Structures are given as structure tokens and as C-alpha cells.
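Engineer: Using the working numbering, read the sequence shown as starting at 498 and increasing by one per residue.
Treat the hints loosely; a few may be bogus.
[Claimed, not checked] Below, a list of computed lysine-lysine pairs in the PhoX-like style, where the Cα atoms sit at most 20 Å apart:
#1 500 to 588
#2 573 to 544
#3 573 to 599
#4 500 to 599
#5 613 to 562
#6 544 to 613
#7 562 to 506
#8 613 to 506
#9 544 to 603
#10 522 to 544
#11 588 to 603
#12 581 to 562
#13 588 to 599
#14 522 to 588
#15 506 to 599
#16 599 to 581
[As the list claims (entries may be wrong)] The calculated label-pair distances, taken between Cβ atoms and stated as ranges, are:
#17 599 to 565: 38 to 44 Å
#18 517 to 571: 15 to 21 Å
#19 502 to 580: 29 to 35 Å
#20 599 to 520: 16 to 22 Å
Calculated directly from the structure, the hints in this document are not laboratory data.
Being a predicted model, the structure only gives us computed values, none of them experimental.
Even for Gly, the Cβ is constructed at its ideal location relative to N, Cα and C.
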Amino acid sequence: MSKIGDFLKETGVFFLATTDGDQPKLRPLGAFLEEDGKIIFGVGDFKAVYRQLCANPLVEIAACKPDGHWLRYTGKAVFETDEKYAQTIIKNAGLEAIYGEKTGNKLMTFHLEDAKAVDIAVMGEGESLI
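Required output: the full structure, derived from the provided sequences and hints.
Structural biologist: So, in C-alpha cells, the structure goes:
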């Protein structure tokens with residue numbers, strides 16, 4: 498997993514694609530956690546993206562480095578049950594004003610299963626990272 502985590506760290510911002518019915522939806526994300534052999538992402542329980550993931554857990558994450566290499570990370574979103582992941586992401590990303598008892602908002606964390614990750618050069622073949 499560290500190759501994927503390293504790639505995402507280098508890009509800073511990456512994009513999560515979901516579907517809303519038959520309409521693709523794409524949004525930028527930046528926070529993730531690499532722990533217990535998984536890359537863990539978080540979304541707010543009050544956001545449309547969370548409802549979209551619940552309705553259809555098949556997603557794709559795309560990121561691009563300044564050198565032109567880009568990442569395609571595809572799989573099935575599986576939600577975590579251990580709150581430690583959410584608490585770590587909230588703390589590391591400085592999201593305490595958005596998530597917690599004060600706001601009532603909850604960060605729902607997930608990782609990808611049955612995943613494929615490919616590092617693709619602008620004019621080349623992709624290299625599997627998993």
C-alpha cells in the first residue's frame with residue numbers, strides 16, 4: 498500500500514469518483530490515512546458523497562503528479578467500524594471544527610477492496626502498484 502500512499506502524498510489533492518443514479522460525480526479530497534495495511538479515506542455522513550457510496554460502493558480515485566504520472570485506484574468502498582481511523586484523520590487534517598460532538602457531523606471512513614491501482618505515464622503503459 499505504501500506506493501499508493503506515497504503517490505497520494507505527493508499529489509496533495511486527488512479526486513474521488515462516485516455515481517448518483519446514472520450521473521458520475523467527482524470531487525477533490527486531500528485527507529487520507531495509511532494504517533493497518535490499508536489506505537483509508539473519509540467523507541462526512543451529512544454529504545451526498547456518503548449517500549452515493551452507500552448506494553453504489555464502486556469508486557475510482559485519480560491523482561496526477563507534476564511529472565505527468567497519474568494514478569488510477571479503483572475498487573469497492575468498504576466502511577470501517579473502528580472509530581480510531583476517523584479520529585486520526587480528523588486530528589491530522591485539522592477537521593475538528595467540522596466533525597465532532599459540537600457539530601453532530603460524523604466522518605465515515607472507508608478503504609477499497611478488490612482494488613486495482615495503476616501508475617500511468619503520460620505516454621506509456623501503466624505499472625500496477627498492488
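Engineer: Okay, which hints does this one fail, numbers in order?
Structural biologist: 1, 3, 4, 6, 12, 14, 15, 19 and 20
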